[in-house]
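A.B. asks: Here's the letter readout for the chains.
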Amino acid sequence: MTIWKRLGAAALVLGLATGGAAAADPDPKNWDAVLAEAKGETVYWHAWAGESRINDYIAWVGAEVEKRFGVKLVHAKVSDTAEVVARVLAEKTAGKTGGGSVDLVWINGENFAAMKREGLLAAAPWSSALPNYALVDTAGKPTTTSDFTVPVDGLEAPWGMAQLVFYHDTARTPDAPKSAQSLIDWAAAHPGRFTYPQPPDFTGSTFLKQMLYELVPDRAMLEKPAEETDFDAAAAPLFAYLDKLHPLMWREGRAFPENASALRTLLADGEIEIAFSFHQTEASTAIGKGELPDTVRSYVMDIGTIGNTHFVAMPFNANAKAGAMVVADFLMSPDAQIEKQKPEVWGDFTVLDVARLAAADRARLDAIDLGIATLSPAELGKVLPEPHPSWMVRLEEAWKKRYGA
Amino acid sequence: MLRLAPPLTILVLIGPVVAGLVGVALPAFGYLPVLGGESFGLAPFADLAATAGLGRSILLSLAAGLITTLAALLVVTFFIAGWLGTPVFAVLRRIVSPLLSVPHAAAAFGIAFLIAPSGWLVRLVSPELTGWRYPPDFLVVNDPMGLAMMAGLVAKEIPFLLLMALAALPQTDAARSAHVAASLGYGKTAGFLFAVFPRLYRQIRLPVFAVIAYASSVVDVALVLGPTNPPPLAVQLVRWMNDPDLAMRFRASAGALLQIAVTLSAIAVWILGERLVARLGAAAVASGRRGTADGAVRFAAAAAMSLAVAAIVLGLAGLAVWSLAGPWRFPDVLPASFTLEGWHRAAGTLADPVAATFVVGIVATLVALVLTLACLENEARTGRDGGDRSLLVLYLPLLVPQVAFLYGLQVLFFRFGLDGTLGAVVVAHLVFVLPYVFLALSDPWRAFDRRYVAVAATLGASPARAFWRVRAPMLLAAILVAAAVGFAVSVGQYLPTLLVGGGRVPTVTTEAVALAAGRDRRVIGVYAIVQMVLPFVGFWIALALPAVLYRDRSAMRAAA
Amino acid sequence: MNRMTTIATRGLVLERIRIARADRVLIELSLAVAPGEVATVMGPSGVGKSTLLAYVGGFLAPAFTGKGRVKLDGVDVTDVAPALRRIGVLFQDDLLFPHLSVAGNLLFALDPQVRGRKARRAAVDEALAGIGLDGFGERDPATLSGGQRAHVALARVLLSKPRALLLDEPFSRLDAGLRDQIRQLVFGAAREHALPVLLVTHDAADAAAAGGPVVAL
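Chains as they are written, first to last, in my numbering: chain U, 1 to 405; chain R, 1 to 560; chain Y, 1 to 217.
No lab work stands behind these hints, which were simulated from the structure alone.
Since this is a predicted model, take the numbers as computed values, not measurements.
Honestly, I wouldn't trust all of these hints.
Unchecked claim - Derived pair list, reagent style EDC-like, types lysine to aspartate or glutamate, alpha-carbon separation capped at 16 Å:
1) Y/161 <-> Y/192
2) U/342 <-> U/366
3) Y/71 <-> Y/15
4) U/400 <-> U/232
5) U/72 <-> R/352
6) Y/67 <-> Y/125
7) U/342 <-> U/56
8) U/401 <-> R/47
9) U/244 <-> U/185
10) U/400 <-> R/47
11) U/289 <-> U/344
12) U/289 <-> R/341
Could you build all of it, start to finish, from the sequences and the hints given here?
C.D. replies: Here it is in structure tokens:
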């Protein structure tokens, strides 16, 4: 027993003391060498696994990269990406500078900011040196280079575009509210039929930010770190609004659904009448599966909705860096991006510049039927950029302080 | 060799717990240099104390630990008291036994679907009786008081306590005591409570403490049924441990120590309660009241027991239906159509987790079995059984909240490059599998007629030959049942697999909880059913194998 | 005097046996049993008669402590493992191994020096024939009558080629009619094999039938 105690303590102390350089990283500029090194490697991709259609898509990617590049892909299913951040940190704590358990992680926003800040990411710039990165629409989709205002700096490869989209059953709820004021009026008329996922769930926090956009005294404040502005003043109207909204909500705001999927299930069960998601094709896909009636339609707020890009990143101690690069590059390839945009597959929008695609690829992309309840790019309207990640952190803290007890 | 078994077993049980506790204690006092914590201090505790809603989280954990245990124990006690030896008892006992191996998460999902406003119960009576075309806005699941969570825990702990009590009953001479009490004019319930319960309770005291520890630090059931805002302390802890803000690690570690304190406090309060009850009980016995009019009490006990059983069984049935459901809208009682699509989709992704579950479960069980048999055989040869202290060591991993030490254990495995390996996961599972295997096997082993071994020895058999050819084969049924119990425990492990396996050793249970985030009831249904079937396979083998092997040996079949 | 020397070299000799549980002395006894002779230790139940046999056989439960020497044909076997003492024992119950067939029980006891499947099988068949149970080899012991099981138990212990026999009230569970028959069979076998026999019982009829020295506890 005492031996174990000593071992435990020694493990911690030693783990913290050891550092040391990892082996030289593969260089994406020499792509053939990367491909050669990647062959036969096993890539552990830690990715949120709460949606079976996304899991199915990742399984498809695994089959493709095995076939095309001889890379074996393992989907390490994650229920919260923060767990992966914690894991990589724990590895760093334990002095594990190579042979880490995570090769690739699906990430953005707060988690990316944390990993970047703590030096948990592989040396940059690798993502912008990948061959298919040339097709990414960095000009038309600025969120591919600025993740929640944090510069990407070649530390993560863009993978998909997301935008907050609301949906409702037109047969039951003909007129959906499209502004903060009309939402609270609607809730007063339909008590108990609206809710949002509990922050710090990603979609729930995004709802707070969406409302903040409408209620903040000056939108320019959101681009700067929250610490550099008067957060309390900026957020005061939002919390006054929530104070009024909560008693009108589902379970009078005393309980909240866990995430966007739970929100969709509540709508499917008829417990609530309005739901929202970061997947533009969420409603169409659910209709296709028979989960939602085909009278459900999507809409966005009058001022537009928040949109962002999601990425894949590589930890500093990844075990199969070449393989991870090959997978990341394949994810940005037209084949993978087109497959992903099909609503029956996933319905996640491409990060690529359609104009730069080969004619055949463009035709394939155009041929995709996005589904009865999916908005066209024109209908999606204005994309509101994500505020600096610090806003999310501060909003979540303030929310918890106010409603968490 | 055999003499090494007891110390080795103690090491397997205590080593990881102690190592893990050291691993959280250091950061709890501010020491985690990689995050800038270089000196010891109380800052993490100050930070912890300032957490909004902390007091409520603590209260929830305390209440869950005490109320759940009290309710489950009352139901079990009064049910045994009122119905032991009756046909009702036999029937319910047969239904309850398999429920023990249903993983907590699966049971919780089933119950959630049953009692939610859009759940089966409301659907059964809507809209015909209620007029509800849409689910009513009632706060049933995830209620802030944690009532749904406690109800779910009670339902799941009742089978555990009942089986523990039944295992202990033979040592209490219950039947004859009951006859004596009855002949003195006592009612069935009163007779049991006065004459048998004090002895029975002494036997199941540690299992009761394990229930308190479990319920006061539960994560998976709380995630499904518990309050969210604030959640019980253990859920809060897991959130902090996984928070992208890495400075939260300090708070999480301090919280882990707080969790231990909360669990210990719950047990302390319980012990005070024990004294009070003992005093009241003594007074009641001295009063000489016979309590013959116990019809209502007996009825209530049977009703409560049936309710708990029905909640789990119906919930699981609901999940089974969901796994086959096409479109299924409120208020339809059954889906509009049935489809195998959910199973088809899962079939491909299930293979790896099922294989990993089997490998980890079987290896952990085998190691536990070898250690247990070695300890018991050593005990039989030397006559030293370690007494009460050894029982406490066995229960230690079940009494220390999992969340509190697994996190620290993670670091240890990293240090040796063992994280994410099957071996590491097996070691982590072993901590929880070993106690159950030992508890399941030690009673039949110790009850074995020593004279058979004496006969074997006098016929010229060495101790090893006597073990392999006589004792082990004669106790085959008990060994297999213990193995099935161990395998079932392994299948149900969530946190140890997740933390030590690092996502590289996905088992059915970690996959189920990961997928549960999607709230797709079809997927949850499929995984819950698979999660449930695996332990059943183990128990089925445990019952079928001796029956086949000893099909021509009637005395062996009677023993099994 | 002369006779004592003979006994000291042949047969079973117990020298100053003293068995205690914790600090309570249960048995103190010295005894010599000649080959073919049946010595009886009489006493009511609970005085520790069985522990005496356990000590002599080498399987005393760890809770007890025993002192004194056990000599067999002049050799001190006190510290010899029970498996090597070659002192057979019959208990009150037949204790046939329920997971083995009748033949399996006998094969278990048969000296490993008898090699080869055929030879071992033949030895077992012969033993079965000797007790009138021809062709019972594959039977489940649980399907045998009480008398048959007693026969098999005796055959089993004899197959292990013991140099002495311990009997722990082996007849008390048998029907009155059967009891006498089995008693004669066992004592006869002991005489035939010139085995010193130590019998513990509370039944005076056993002692009378044994005909040897009787020690009352």
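A.B. asks: Could you run down the list of hints and mark each one as holding or not?
C.D. replies: Going through the hints against the structure:
1. Y/161 <-> Y/192: Satisfied, since the Cα-Cα distance of roughly 13 Å is no more than 16 Å.
2. U/342 <-> U/366: Holds: residue 342 of chain U and residue 366 of chain U sit about 10 Å apart, inside 16 Å.
3. Y/71 <-> Y/15: holds, 8 Å
4. U/400 <-> U/232: holds, 14 Å
5. U/72 <-> R/352: Answer holds: residue 72 of chain U to residue 352 of chain R is near 14 Å, not above 16 Å.
6. Y/67 <-> Y/125: violated, 41 Å
7. U/342 <-> U/56: Since the Cα atoms of residue 342 of chain U and residue 56 of chain U sit roughly 13 Å apart, the hinted pair holds (cutoff 16 Å).
8. U/401 <-> R/47: holds, 14 Å
9. U/244 <-> U/185: holds, 10 Å
10. U/400 <-> R/47: Within the cut-off at roughly 15 Å; holds.
11. U/289 <-> U/344: holds, 9 Å
12. U/289 <-> R/341: Cα-Cα ~10 Å, so holds.
Figure legend: structure checked against the earlier numbered hints; the only hint not met is number 6.
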